[in-house]
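**Student:** With the hints as constraints, model all of the structure from the sequences given.
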Amino acid sequence: MAPQQTNSKPSDDAKEQPAPLVYQRAMPMSRGKLAIWLFLSTEIMFFTALIGTYIVLRFGAPEGSWPTPAQVGVMEWLGAINTFVLICSSVTIVFAYESAKSDRIRAARGWLLVTTLLAFGFLGVKGIEYASKYSHGLYPQSPRSLLHDRSDVYYLSHFSLQLKQRIAELEDQKTPTDHHDPATLETLYLIQSGMLNWTENKVGVSNDPNMKRLALESFAHQIHPLADRPDIDKYLADERADLEEQQQTIAPQFSDLESKLEAAQKQISQLSDSIAKLESNRKSKPNVNGDFPPPTEIEQKNKAQLEDAEKTAKDATESISLLKQQMNPIERRLEAQSRFNQFEDGINEHFHLKLPMVIPNGNTWANTYFMLTGFHALHVVIGIFVFLILLPLELDRKRAKVMENVGLYWHFVDIVWIFLFPMIYLF
Amino acid sequence: MESTGNHNPKRQRTVFLTVFGFLVLLTGLSFWVANSWIMEDRMIGWAVMLGISACKAMLVIAFFMHLWWESSWKYALTIPALFMGSMLVLLLVPDIGMRTDHYPKTRERLSPQAVTVPEATGNVSSSQDRTKS
Amino acid sequence: MVNKVQHPELNHPKRTGHPVLRFLSTYVFATDHKIIGLQFLFSSLFWFAVGGMLAMAIRWQLAFPWSDMPIFGPTLFASEGGQIPGTFYNMLFTMHATIMIFFVIIPILSGAFGNYLIPLMIGAEDMAFPRLNMFSYWFMWPAFACMILSFTLPGFGPTSGWTAYPTLSLIAGDAQNLWILGLIFVGISSMMGSINYMTTILQMRAPGMHMFRMPMTVWAMFITAILQAFALPVLTAALFMQLSDRLLATGFFAPESIVVNNSITISGGGEPLLWQHLFWFYSHPAVYIMILPAMGMVSDILSCFARKPLFGYRPMIYSLIAIAGLGFVVWGHHMFVSGMNRILAISFMVSTMLIALPSGIKVFNWLGTLWGGRLFLTTPMLFSIGFVSMFIIGGLSGIVMAAPPVDIQIHDTYFIVAHFHYVLFGASVLGVMGAIYYWYPKMFGRKMNETMGKLHFILTFIFLNGTFFPMHFLGARGFPRRYADAYRFEEFQDLLPLNQFITLCAFLMGAAQLVFLINFFGSLIWGPKADRNPWHANTLEWSAPSPPPHGNFDFQPTVYRGPYEYSHPERSVDYWPQTEPPP
Ligand code: HEM
Ligand SMILES: [Cu+2]
Chain A
1 MAPQQTNSKP
11 SDDAKEQPAP
21 LVYQRAMPMS
31 RGKLAIWLFL
41 STEIMFFTAL
51 IGTYIVLRFG
61 APEGSWPTPA
71 QVGVMEWLGA
81 INTFVLICSS
91 VTIVFAYESA
101 KSDRIRAARG
111 WLLVTTLLAF
121 GFLGVKGIEY
131 ASKYSHGLYP
141 QSPRSLLHDR
151 SDVYYLSHFS
161 LQLKQRIAEL
171 EDQKTPTDHH
181 DPATLETLYL
191 IQSGMLNWTE
201 NKVGVSNDPN
211 MKRLALESFA
221 HQIHPLADRP
231 DIDKYLADER
241 ADLEEQQQTI
251 APQFSDLESK
261 LEAAQKQISQ
271 LSDSIAKLES
281 NRKSKPNVNG
291 DFPPPTEIEQ
301 KNKAQLEDAE
311 KTAKDATESI
321 SLLKQQMNPI
331 ERRLEAQSRF
341 NQFEDGINEH
351 FHLKLPMVIP
361 NGNTWANTYF
371 MLTGFHALHV
381 VIGIFVFLIL
391 LPLELDRKRA
401 KVMENVGLYW
411 HFVDIVWIFL
421 FPMIYLF
Chain B
1 MESTGNHNPK
11 RQRTVFLTVF
21 GFLVLLTGLS
31 FWVANSWIME
41 DRMIGWAVML
51 GISACKAMLV
61 IAFFMHLWWE
71 SSWKYALTIP
81 ALFMGSMLVL
91 LLVPDIGMRT
101 DHYPKTRERL
111 SPQAVTVPEA
121 TGNVSSSQDR
131 TKS
Chain C
1 MVNKVQHPEL
11 NHPKRTGHPV
21 LRFLSTYVFA
31 TDHKIIGLQF
41 LFSSLFWFAV
51 GGMLAMAIRW
61 QLAFPWSDMP
71 IFGPTLFASE
81 GGQIPGTFYN
91 MLFTMHATIM
101 IFFVIIPILS
111 GAFGNYLIPL
121 MIGAEDMAFP
131 RLNMFSYWFM
141 WPAFACMILS
151 FTLPGFGPTS
161 GWTAYPTLSL
171 IAGDAQNLWI
181 LGLIFVGISS
191 MMGSINYMTT
201 ILQMRAPGMH
211 MFRMPMTVWA
221 MFITAILQAF
231 ALPVLTAALF
241 MQLSDRLLAT
251 GFFAPESIVV
261 NNSITISGGG
271 EPLLWQHLFW
281 FYSHPAVYIM
291 ILPAMGMVSD
301 ILSCFARKPL
311 FGYRPMIYSL
321 IAIAGLGFVV
331 WGHHMFVSGM
341 NRILAISFMV
351 STMLIALPSG
361 IKVFNWLGTL
371 WGGRLFLTTP
381 MLFSIGFVSM
391 FIIGGLSGIV
401 MAAPPVDIQI
411 HDTYFIVAHF
421 HYVLFGASVL
431 GVMGAIYYWY
441 PKMFGRKMNE
451 TMGKLHFILT
461 FIFLNGTFFP
471 MHFLGARGFP
481 RRYADAYRFE
491 EFQDLLPLNQ
501 FITLCAFLMG
511 AAQLVFLINF
521 FGSLIWGPKA
531 DRNPWHANTL
541 EWSAPSPPPH
551 GNFDFQPTVY
561 RGPYEYSHPE
571 RSVDYWPQTE
581 PPP
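Each protein sequence line maps, in turn, to chains A, B and C. One point on numbering: in the numbering used here, the residue at position 6 of the first sequence is 6, and numbering is uninterrupted. One point on numbering: in the numbering used here, the residue at position 130 of the second sequence is 130, and numbering is uninterrupted. One point on numbering: in the numbering used here, the residue at position 383 of the third sequence is 383, and numbering is uninterrupted.
Calculated from the structure, these hints are not laboratory results. Predicted, not measured: the structure shown is a model, and the values here were computed from it. One or more of the hints may lead you astray.
Unchecked claim - Restricting the straight-line Cα-Cα distance to at most 20 Å, the calculated cross-link-like pairs of lysine to any residue (SDA-like) are:
| hint | chain 1 | residue 1 | chain 2 | residue 2 |
| --- | --- | --- | --- | --- |
| 1 | A | 401 | B | 61 |
| 2 | A | 401 | B | 70 |
| 3 | B | 74 | A | 25 |
| 4 | B | 74 | B | 48 |
| 5 | B | 74 | A | 103 |
| 6 | A | 234 | B | 74 |
| 7 | B | 10 | A | 30 |
| 8 | B | 74 | A | 24 |
| 9 | B | 10 | A | 24 |
| 10 | A | 401 | B | 12 |
| 11 | A | 401 | C | 131 |
| 12 | B | 10 | A | 103 |
| 13 | A | 133 | A | 73 |
| 14 | A | 401 | B | 68 |
| 15 | A | 401 | B | 67 |
| 16 | A | 401 | B | 54 |
| 17 | B | 74 | C | 131 |
| 18 | B | 10 | A | 106 |
To be verified - Examples of chain B residues lying across from chain C (beta carbon under 10 Å, computed):
| hint | residue |
| --- | --- |
| 19 | 9 |
| 20 | 11 |
| 21 | 28 |
| 22 | 41 |
| 23 | 79 |
| 24 | 80 |
| 25 | 83 |
| 26 | 84 |
| 27 | 92 |
| 28 | 96 |
Just so you know, even glycine gets a beta-carbon here, dropped at the ideal spot from N, CA and C.
**Tutor:** In structure tokens, the structure reads:
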């Protein structure tokens, strides 16, 4: 933009100029203004490509699958405020131009200053929005964004990857520094064992596609709920009841085994005591050759009993650890359920975790949202640059032309936003 | 030349302020539409909101960008771009805008398939160790 | 041609005092449109050589598959015994096309000749925005740097074809990023250029130079600039999206749940077809960007050397406009096999067929210009006649492919390659060559050697047809393009001899360009000095000094008539410069 305006006057590097040539023109306006209008037509095509991409991707999303503003934390009123800010700035830059045209330099500068401030205000609001998207993990990133279109195994394995990373990070830093973050290592472990591994297991073991789907969906729902899902609530409640029942049946077996083990251990200690006694007895009286007398019958019997008892103990321990292996996930699952089920806003939101979440079309939403608002914000930034260059200058009748061109550009930026506002915030 | 019209500045100013008022009003209107019964059919709601935006854009172009007071070159500079832009978007509709109409069942979102990849079940045993916290 | 003509420039008050610029401001920080035009010309010629080398490498692989490739083999793949890997072949055709299109044809047509000729032909002292013009050349350099750098990355460059279709381009190596960046820079450069050209043509015509007294060259440049201004931003937007797909994993062009190499790399949710639409929305108009200026220049050359007014000046202009307008709604003919909507495909077929009408009008008007003319078969004239004949062949094969049932058969075969080389090499490059021979005296103040020029034409013309005509047969047999080794399929094995013949012709055609190089650079030193108007042409640039000084004209040009008043019955000489006052 800048070179076009600065160049509309004859170049000043050569003092001695031949007589300027005479031209006829097709359009009743300065070259700079024509160039700006042409530039704006190319900008129309640029934004048409971007907005067109958004429209057709949005249009093609199946009914109801595009994230609602609430689901992705888009605040309509912020968009409305920004619309208002830009409309105001359009008016103020018109006033700046009109003042410059009638040689009211101070007024022109004042209006331009107001415009600049409004532009900064717009960027500020944009910044607030972007920050909230960032803090929720709703943005494209490499190698893969946190947003998944559906709860499938790719989602699970991505989740597991991210969770492991998060855990490793926390394990590395001994003292959690981020006081903002109430999620402790404990919580992450619980998510890992009580939810992730549980679901992985379920999906791996179950043969019923419907069960697999429900397991995956309920997992995604607990991480980041999108809407009320009575079917999932019911599924979780059923599962819980089922698990509690299993726990109930396993618990007596467990105590049985434990008492068995205790008895065996008691026996072992008794037997080994008596064996030791008998042996030392025997060894205290060697015969002539220096050999010890052979073990007595009692000793041999004791030894056999000891072996038996040891075997029993070993078996019991094994069964116990087997049972524990069975019990542990169930316990963890129940713990996870009782801990996490109460969060209406989901685990991710509650603990500020930024773990992968399922939002159908969430990616496409994030991509287009950042592409549209990003390129628009870029234009605002360029506008601000130009304003800052103009502000210290004498904005008099001679500069009015430049002011007019800059104004045209700024109005275009406003017009783009006029279309973006309903499309991003209200559709 | 710079034909911004020979209106006196006072009247110019009232014109600009009136336009400003309309712009604010129309913004409010589209906000209302978004939360009203019109959005029950989303296509109609979108069309209405885009129409309102088009009106706002027209106001800005006509008055703030002075096209109202310009001679006929304004058509030469704006119509081709608008025509080609709308051509681009319109011709994208059958292929991209209606793309999900022809998706096979397997690509439907939230469909019950998409399970059993060895990866996931493989992870189970390896990550189980961590449960001993 | 009779020599007696009034010299209008001598009757006008002299315009003197053209500043003499120092070296740096003349050649580096050049804002003079002529210097910028020459900068574009020389860098395009350089890239023409690079692109040509790549083409030779492609032909080597097709003629002698997997054998030790000269130059590239021993330097890059010595450990493999000089045998190139398949991906290297992909790089070759990708970079050949990219360089030829974005670094040769487009810059040489609108960058070099557009810059050089527009102000001279309309009687302006420079472009409307000289410094913007300088930037438009400077922005080519980051693009050059990107391309050169990409050669050094693993794989020796991008490998996704010049069309860069996702999802292939999304999983390609890092060189693809540089490719995208390079094209974005070229786009910015062309944008600046096109806005400058449009403003200059609209606002800086000499008194009397109405729009309908402008030479066809200027009209063609004007329409080309409009095409660039409206089509390029779409490509730029699409390139930004592809770049963010690659760097930020956004997935505008990646389908959902796409799994690459068993790892999750792309977020997806988009549509690969979208890229094809956006890309061809630019790239079909781009093929006209690559030929309209040549059409304009050829019109001027034909009329000059037939010593006849251009047949149907206004219809020529209207058909240019029609081609440009229709050119925006035919892009789908590149996508007939992409799985696009069938009804949409039919509408694209109809609009494509329609575009043959204005193209046909142009061809008939050129023939009408030649008809009954007093033909001077100078080198520029030969190249221009070559242009017309090659364009007829290329255009006809285009119409054939415009029908989806036919295109489904021959899409991505050598038939397509034959088509676009007939229009791009046969037409555009011959047109450019003609233009170089024609305007060389104006650019450098010396004439090129006619004998060598004619030799250059004849050799190029013969070997160009030897190279590209047999490709029609290859394509009709289904020989696929972009395959490093199609002979793997038994049914193509018997095509190897034909391919070897093509390669031979291609090498000879490449060698023929040496004649041009020697002529071009030799004439800079030894060429006979040229006066203002060596061809006795009418247009404004010929009444300026050769080469024109900074500021172009040493008098105030005023235009009294159209550009094609050759052999006017009431005049004793067979030309009538636009600036000559009426008697
Ligand atoms: C009579 C006018 C023309 C018609 C009807 C026409 C038609 C076509 C069609 C249908 C295709 C697609 C073939 C396929 O990929 O299956 C095609 C490809 C192509 N045409 Fe033309 N064409 C015309 C003129 C031109 C001109 C003037 C140029 C360039 C100066 C050109 C350059 C190309 C190029 C480069 C391709 C191949 C693109 C690629 O796939 O890499 N065409 N043309
Ligand atoms: Cu095409």
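**Student:** For each hint, tell me whether it holds in the structure or not.
**Tutor:** Hint check:
{"no.": "1", "hint": "401/A - 61/B", "verdict": "holds (18 Å)"}
{"no.": "2", "hint": "401/A - 70/B", "verdict": "holds (15 Å)"}
{"no.": "3", "hint": "74/B - 25/A", "verdict": "holds (15 Å)"}
{"no.": "4", "hint": "74/B - 48/B", "verdict": "violated (26 Å)"}
{"no.": "5", "hint": "74/B - 103/A", "verdict": "violated (27 Å)"}
{"no.": "6", "hint": "234/A - 74/B", "verdict": "violated (64 Å)"}
{"no.": "7", "hint": "10/B - 30/A", "verdict": "violated (26 Å)"}
{"no.": "8", "hint": "74/B - 24/A", "verdict": "holds (19 Å)"}
{"no.": "9", "hint": "10/B - 24/A", "verdict": "violated (35 Å)"}
{"no.": "10", "hint": "401/A - 12/B", "verdict": "holds (18 Å)"}
{"no.": "11", "hint": "401/A - 131/C", "verdict": "holds (19 Å)"}
{"no.": "12", "hint": "10/B - 103/A", "verdict": "holds (15 Å)"}
{"no.": "13", "hint": "133/A - 73/A", "verdict": "holds (7 Å)"}
{"no.": "14", "hint": "401/A - 68/B", "verdict": "holds (18 Å)"}
{"no.": "15", "hint": "401/A - 67/B", "verdict": "holds (16 Å)"}
{"no.": "16", "hint": "401/A - 54/B", "verdict": "violated (27 Å)"}
{"no.": "17", "hint": "74/B - 131/C", "verdict": "violated (27 Å)"}
{"no.": "18", "hint": "10/B - 106/A", "verdict": "holds (18 Å)"}
{"no.": "19", "hint": "9", "verdict": "violated (29 Å)"}
{"no.": "20", "hint": "11", "verdict": "violated (31 Å)"}
{"no.": "21", "hint": "28", "verdict": "violated (32 Å)"}
{"no.": "22", "hint": "41", "verdict": "violated (24 Å)"}
{"no.": "23", "hint": "79", "verdict": "violated (12 Å)"}
{"no.": "24", "hint": "80", "verdict": "holds (7 Å)"}
{"no.": "25", "hint": "83", "verdict": "holds (9 Å)"}
{"no.": "26", "hint": "84", "verdict": "holds (5 Å)"}
{"no.": "27", "hint": "92", "verdict": "holds (6 Å)"}
{"no.": "28", "hint": "96", "verdict": "holds (5 Å)"}
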